[in-house]
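So the protein lines, in turn, are chains A and B.
Numbers 1 to 269, taken from our numbering, label the letters of the first sequence in order.
Numbers 1001 to 1234, taken from our numbering, label the letters of the second sequence in order.
Don't take every hint at face value.
Short derived list, chain A residues pointing at chain B, Cβ under 8 Å [to be verified]:
id, residue
1, ASN38
2, ARG58
3, VAL59
4, PRO138
5, ALA159
6, TYR168
7, GLY172
8, THR181
9, GLY184
10, ASN201
11, HIS231
12, LYS233
13, HIS234
By construction, these hints were calculated from the structure, which means they are not laboratory data.
Idealized CB from N, CA, C, for every residue including glycine.
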Amino acid sequence: MKKTAIVTSASLLILAWGGLALADNDYITLASTTSTENSGLFEAIIPQFTDKTDIDVRVVAVGTGQAFETARRGDADSLLVHDTAGEEQFVADGYATERQNVMYNDFVIVGPSDDPAGIEDSDSIDDAMQRIAESQSPFASRGDDSGTHRAELRLWESAGIEADGDWYRELGSGMGPTLNTAAGMDAYSFTDRATWVAFENPQDLTLLYEGDEALFNQYGSLLISEEQHPHLKHDLAEQWHEWLLSDEGQAAIADYEVDGQQLFFPNAD
Amino acid sequence: MPASDNAFLTALQLILHMDGDLFSIVSLSLQVSLVAVALAALAGLPLGAALALWRFPGRNAVIIALNALMGLPPVVAGLCVYLLLSRAGPLGEWGLLFSPTAMVVAQWVLVLPIIASLTRQQVEALHGEYAEQLQSLGLSTARMMPTLLWDARIGLVTVMLAGFGRASAEVGAVMIVGGNIEGVTRVMTTSIVLETSKGNLPMALGLGIILLALVTLINAMAHLMGETAKRRLG
């Protein structure tokens, strides 16, 4: 009885362990942002890349700050984020050898449909941000050092506002959780359009301000430095990088739609 | 995947249309947590028994530390394992980060204190009952360990279940060390976080219902095994 129990548990353990050893195709690990993952873009374009090259792309979707850190530590083969200033700094610091524009979308401001701050007819994004601050309307900020958070902070600065006070709520969360919270407390929020369109729990939130040039949201792909991290799969990562920039990759990005709406606009040079 | 506003309907639809994606998520969840618990038992049962039977300087400190670690926040365990396995970390060369193995390691760290701590309590209680008998048989402390562990086995099943509960329910650790990679390291709890962040609340809750059902099933099996064993012992 005792022996049977031991043999049974041992064989169960071996069985479970064996199941964990997954078939290893060629793959790269891509550090990217929650906005690209949550919008469903990767699910649409990666299979096309894999069909062509037999390379799997394993996406680790985190905030831009964490994505940079993951790549800096040598834990990702490739990096696709949206913080152009941060990306250029990353190249300047020697962690990446190349940075290229891949695509863009735009940021929008969403808020409760009765629009207590009256931002819907603002002349500019500066004006809209000022109206929210002046009316002290609740505003849900990412507060997580992501690309979206960094863009939002730049906009407060350019509107000449110190974003501080009871109305300004830093959540320290990803885009989706921030929208969930904003919906729950009838707050304004700053989001990329892709996450917003794909978001399924808007409740009373609605899109209130869009279209200012300052709301442009550029995504870039980076090639990680071989010198810094010789162990990474640089050849495979370069194929992915080149494919994103190729006519084929750019077309795949342009073809991705949610509810008939194109979410990302390819703009490789 | 099917969509509905009702979480129970969604859960039902998910189960009825069990697709490959869901199956791989469910089976990976079970594999990772079961392996983590089994390995934690391998280390935790002897450790707990040893702590119960031997008196040595610093024993109380070890016991307190293990008890405290039962409350270790998963995200802290995940962060420590992340720093350990990251390329820039001491074990970086093994290339284990963002793999199921890394998730097993993180959950092992979470489950070990629970199994060791609770095992110590069970064995200590049993030892109090049988100490004289065992000594009259002339058993050394080392020989008492397997005997007492075997005698405590029914209680220890509950200990293992507590460990399994901790492992299958946590999300903070596997999210950090696994990365929630689709088809590779995505498990039930990280899927629930992902669906919540997409605002797809019925799907998130539906997955939660399935997870709860699975954990209930495993607990029921363990309970029945325990009952059968008790009956056989009369």
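Checked hints:
1. ASN38: Holds, because the Cβ-Cβ distance from ASN38 of chain A to chain B comes to roughly 5 Å (cut-off 8 Å).
2. ARG58: Cβ of ARG58 of chain A sits 4 Å from chain B, so the hint holds.
3. VAL59: Hint on VAL59 of chain A: holds, closest Cβ of chain B at ~6 Å, below 8 Å.
4. PRO138: violated (19 Å)
5. ALA159: Constraint on ALA159 of chain A not satisfied, violated at 28 Å.
6. TYR168: Interface hint status for TYR168 of chain A: violated (22 Å vs cutoff 8 Å).
7. GLY172: Not OK, violated: GLY172 of chain A not within 8 Å of chain B, min 13 Å.
8. THR181: Result: violated, 11 Å to nearest chain B Cβ.
9. GLY184: violated (11 Å)
10. ASN201: holds (3 Å)
11. HIS231: For HIS231 of chain A, the interface hint holds, since the closest Cβ of chain B sits about 7 Å away, which is under 8 Å.
12. LYS233: Not OK, violated: LYS233 of chain A not within 8 Å of chain B, min 11 Å.
13. HIS234: violated (14 Å)
When each numbered hint is compared with the structure, violations occur for hints 4, 5, 6, 7, 8, 9, 12 and 13.
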